[in-house]
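Residue numbers (my numbering), protein chains in the order written: chain G, 49 to 391; chain Z, 49 to 391; chain B, 357 to 650; chain H, 23 to 530.
Check each hint, because a few of them may be wrong.
[Unchecked claim] Calculated cross-link-like contacts (lysine-lysine; reagent style DSSO-like; alpha-carbon spacing at most 30 Å):
#1 Lys518/B - Lys232/G
#2 Lys479/B - Lys516/B
#3 Lys145/H - Lys282/G
#4 Lys232/Z - Lys456/B
#5 Lys504/B - Lys416/B
#6 Lys518/B - Lys479/B
Note that these hints are calculated values from the structure, not bench results.
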Amino acid sequence: MVQVTAGEAIGRRPQFRPINVAARFAPVLFLVVLMIGFSILEPRFLTALNLFNVLRQVSIYGLLAIGMTFVILTAGIDLSIGSILAMAGLVAAMVAKGGLDNRFSVGDGSASLGLGWEFAALAAIGVGVAAGLVQGFAITRFKVPPFVVTLGGMSAFRGAALLFSGGGPVSGFDDAFVWWGQGKVGPVPVPVLIFVLFAVIAHITLSYTRYGRQIYAVGGNPEAARLAGLNVRKIILSVYVITGFFSGLGAFVLAARLNSAEAVAGTGFELTVIASVVIGGTSLFGGTGTIFGTVIGTVLIGVLLNGLVLLDVSAYVQQIIIGVIIVLAVAFDTFVKSRRRAL
Amino acid sequence: MVQVTAGEAIGRRPQFRPINVAARFAPVLFLVVLMIGFSILEPRFLTALNLFNVLRQVSIYGLLAIGMTFVILTAGIDLSIGSILAMAGLVAAMVAKGGLDNRFSVGDGSASLGLGWEFAALAAIGVGVAAGLVQGFAITRFKVPPFVVTLGGMSAFRGAALLFSGGGPVSGFDDAFVWWGQGKVGPVPVPVLIFVLFAVIAHITLSYTRYGRQIYAVGGNPEAARLAGLNVRKIILSVYVITGFFSGLGAFVLAARLNSAEAVAGTGFELTVIASVVIGGTSLFGGTGTIFGTVIGTVLIGVLLNGLVLLDVSAYVQQIIIGVIIVLAVAFDTFVKSRRRAL
Amino acid sequence: ADKHLTIMLSSPDLAFPFSVHIMKEMQDEAAKLGNIDVVVSDGQRNSSKQSADIEAAITKGVDGIVISPNDSAALAPAIQEAIDAKIPVVTVDRSVDSVKGILAHVGADNVKGGEVQGELIIKLFPNGANVMNLQGQPGTSAAIDRNKGLHNALDPLATKYKFVFEDTAGFDRAKGLSVTESALASMGTPPDAIAAANDDMALGALEALKGRELTGKVKLIGFDALPESLGKVRDGSMTGTIEQMPGKQGRQAVDILVAFARDGKAPENKITLLTPVAVTKDNLNAGERLGELK
Amino acid sequence: MSQPLLQMNGITKSFGGISALRSVDLRVDAGEVHALLGENGAGKSTLLKILSGAQLPDDGEVTFLGVKAAFNSPQDAQRCGIATIYQELTLVPGMSIAENIFLGREPGWANLVNWRRLVNQAKGLMARVGLEKDPLAPARDLSVAEQQLVEIARALSMRSKLIIMDEPTAALSNAEVDRLFDIVSGFKADGLSVIFVTHRLEEVMRVCDRFTILRDGRFVCDGNVADTSIDAIIHHMVGREITATQRRPAPAATDAVVLRVEHLSRRRGAEGLNAMALSDISLEVRRGEILGIAGLVGSGRTETARAIFGADPFDSGKVFIDGVLLHATSPQDAIRQGIGLVPEDRKQQALFLSLSIRANLTVAAHDRVSRLGVFIDSNAEDTLIAQYRKLLRIRMVGPEQIVSDLSGGNQQKVILARWLALGPKVLIVDEPTRGIDVGAKAEVHNLLFQMASTGIAIVVISSELPEVLAISDRIITMREGRVTGEVQADAASPEMLMALMTVDAVAA
Ligand SMILES: Nc1ncnc2c1ncn2[C@@H]1O[C@H](COP(=O)(O)OP(=O)(O)OP(=O)(O)O)[C@@H](O)[C@H]1O
Ligand SMILES: Nc1ncnc2c1ncn2[C@@H]1O[C@H](COP(=O)(O)OP(=O)(O)OP(=O)(O)O)[C@@H](O)[C@H]1O
Ligand SMILES: [Mg+2]
Ligand SMILES: [Mg+2]
């Protein structure tokens, strides 16, 4: 299958070796070339300030992409992450603001009106996990294809978020809350730290634990996995809980970052996130892919968006360039891989 | 594989037996139940006028869904249809209006300012086919997964449409043009006739021609298809040309229907269309599915949207209900199938 | 008692706070007038969807339609159908010129709004300024018109007022933030003013300014006068926002429709254009939603 | 002598680092049946894939019908009159048997498929190969053997001068094999040539005229079958003496029944609605005993195994392990309670083709290679892999090699290793030596003996009667989902088993 060939060729070995940069060599190279290009055209691109901006901007996509990698490795897909994110963000906001009444209150920042950020974060993640559970259940019990279930979820959760917020934003949190999105540790923005932390955890899980192995197995050949005694249902259920978790986490960080939550948040995230994962070399047909690749894919898209804005390219032309470069990135990767495997 | 099991269970027979309604029994039943429900709650739902409205509303999605069925049968996907539609629609509009200068001129209807509708239609389809060729080429030659290529196309073609139209709409065509979207033959709206016509052609192609069977083979087991001496590349290329064709055709009909073309037209169509195809029982993993199912899936979504508005359900709640019902429809289908196979 | 009515209120996008507000006010007005069933339709930024909703309303045989069209051209055929079906139609916010027989239009032209935005900048910086322009969702008429207006105001004075940066942030808060961050990073000296095509983007930009300790230093002007941004204007972190009185538009539209449907009373003037105003600290209570702010 | 039909000279092929073929020659004359022989991984399939245009050689030339041929695609080869039955089954699962037979060559006018003719012609071919199924049944529902028959039917349907058969008999039982050989002799009579790959050497003696032997990708020798013996061939293949399987002394009679199955019945799926897939199967296996199950294709052996293993649900009956009722609703349960199953269809049911040998081999035995039950202990893995690599002579580069790169036989060995590593109480092996070469086969047999002697109860399903006879202590025969007989192996003979396998099941 054309796409599978590509899928297989990409990132096969890495998954059971400690980060295997060689195998992910191509995308990295492509990224580097892109960055050099930008920094020539716009020297300010390469400033620490800007690079940290880029990282902070991608960190939320990145968190979602980590979860999405788990799902796609099982040959599944989750289109609902954006809607879950909106819903979870609003719930967190409500918790932090103590209800809808003073939704617009700017908040003097010092003190929270409702509960502290800890509860807000827990609420967001709780909502995400719950949503993931529901969808995972529909997929494993009723055997409805993930695409359909999560498409339904995408619509339903968005509706819920709108209903719940009456269409308007909820904003103005206390500093402790906002710190999670806007704060820094040394020069490094907090969201970036969160992203890196979870990327590492996810990498270890996939490469060095039984659970990780089983995910690859289920994605590679579900029937064989079943006959090898794996609990395929449980594993599939779990990955949707994981995307749910990361949607909730992402929602919290985004709310902190924007100092507000709204029902339209995360619209269209699903495609960007799936794109990062696929650009990172994970096959939509399951069984092959790495977190490392996903991180590269995410950063690549972030750099692209940022660079084009810096160059002040017209909005319309930007879309054309982005489209073309995404394809080129993967084409280049596939080309290099096919050469390496001499097939 | 959970999703495959579902996929497999659905619509197995059709692809090797000429039309077999029994196999698609479940979705039809579900549709009927839904319609009965609506007509009880709102008698006006069952008026000929309304039903023809629904059909006309879905006919454009339907055309796109026919093309999408070909692509998904090969285990591919096309996210770019919405953007191609926008681009093609604008080109058609330009042709009909003779350029951008009098883009907003209402047009006295009687006479076209530019060329006749034939040329407009040809232009739209030409653009669509060209776009499909480019993408199909990238997929087959450079072995870039269809998801990536068409995601790139989605962005690039949208950008092109915006660039090309400077953002704004182009409207006011002559009656001959508009007839294709608003006209009727007897009680039947023209777009519905076009939809039915191409649905029949597509069904015959898939069930009774070598080309059609080869599409199933390529989707079911590309390696087997290659070893059996099929030209897999050519077949895969062709299906993207087909979606391109239908995007162009849809663009023309939509422009005629709205008596205008805009660069944002077709935004988000891809998901709705893919949903109709999948609800219709076509497996995203290729090899199984029917046009008949796709038609049912398309109508189901149309009926749902129409019915909920008639019942004046709150807009937000509508989204929730739609999401849930889509999942239920497929769950029901899978359930019935699994019972029939007693597996 | 008044004659019972069923009317459709059709919005281009009920996920867009501006439209949501119009809808709320219209529903509230209908409730006030009493004995009216309201059918709400959400166009979801999709002209086909909104057309379909109008057709559904015709099927339902509603007594009137108030619509804020997603696109002034694309909704024409559907509205024509309604009028042909003897259903009175009032348009809000965005007019549909190509259709004859529309009962009335109530709006505050977005182009004017953009011009007001520009005029505020001129007022703030009499002797010129570097302006950064955050445009809306490409292709949507709100984005096009507001951008057009801003340029109408400033381009004649191009020597004094330069657009040092122009890009879309899709009417979206997160994009407003990231685009502004990137833009600021790309400029040696920050711009004097940022004009955003809606408040969401402005509020996003505000967070970016905070990050660079530029709050208040860069004059930030939004659009739509959402309660939240009124709050920011009050506390000085935003300089202004454009009020188009969407609520007033909506209420008037409903009044006109109902008056016609009940007593066959046609409006004295077919077109009512409310002039948008720039809300700043000095005229905060020009913001019609100030009340919602606690 | 007359110029040969096919002459391959100096064919060389390597994959990445691994060199599969080093300047191999092959000559096939018109009207001969030519045996291509060699151990697993010797390069047979690679050579044949090159001949059929499925892969391109790095070097060397092919002369077919006296003209130099360059087959760049399977299409080319087919056009020149070369039909191929590949070792790895290549059917489209969702499509009907009939369509799979005529894929790309559907009968009909212009581009239109004539379904009636398609079905009728398919029926004819299916009868010739002895496949009794609805031509419109999807290939997905066929057992491996049946799929193999479809592949053969497809080759028959092509008008070709040379038919390549890469291990066509591996999954077949005597009846089908006999039928296949009649067909082959038919070809010979018509002056067609056949290249025949098999690891069952007695078959070579039966039908082949000449042979070519490969070892480690090198040409070793060729000659006339008439002038050689099985032992000589084996000697050339493995380059060392190997001990053919010795029947082991019957184990000390124990009466500790480990696996007991009572009145197992299962209704068929959609296809034959109420037809029984399995009816009233009862059997026992004692500690350290090896029970053989013999039967023709489609006799229900695989389904029995799957039902016991919890892979398929069954309608009635009980399964006991060590006397306790087993509630296996899934393979997971079955494995927990000590049952292992080596499935017959390695590609569909066992292999993770896109994953490494490491991932494939240890997947069922994660308990044995994990730290804290959570993390994978790669050192433990390495030792495990090394152990079985040696034990089964798996021809591989290293644990990270992608399993799809292994030769068919070596893939089978990896799967065997997966289940041996698990160390179950009861091990059911379905066609355990399918596609495994003579040397390794003896090793697998001895391995099964060893396991039995450690007290494991073993059930062997094999379509190869000599194998069943050689390794079983007791043999039951099946037909149409029923048990039709039971005999002690030492008292049994092939004829006797054939008789039991073909008796009218209902009468039995
Ligand atoms: N696609 C591939 N990539 C890498 N190595 C391969 C590939 N295909 C075959 N090989 C290697 O080439 C060698 C020969 O393989 P081949 O399949 O020809 O053996 P064979 O003689 O057919 O063995 P068997 O009897 O088991 O079928 C093996 O070592 C195998 O690992
Ligand atoms: N899902 C299914 N639907 C319909 N028939 C099936 C299905 N699975 C298996 N069968 C049929 O059941 C019969 C028994 O299959 P099984 O695999 O048990 O035979 P067997 O004794 O193992 O012989 P072999 O495996 O060598 O073909 C076969 O005819 C097979 O086609
Ligand atoms: Mg082989
Ligand atoms: Mg079997």
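Cross-check of the supplied hints:
| no. | hint | in the structure |
| --- | --- | --- |
| 1 | Lys518/B - Lys232/G | violated (34 Å) |
| 2 | Lys479/B - Lys516/B | holds (13 Å) |
| 3 | Lys145/H - Lys282/G | violated (44 Å) |
| 4 | Lys232/Z - Lys456/B | holds (22 Å) |
| 5 | Lys504/B - Lys416/B | violated (38 Å) |
| 6 | Lys518/B - Lys479/B | holds (15 Å) |
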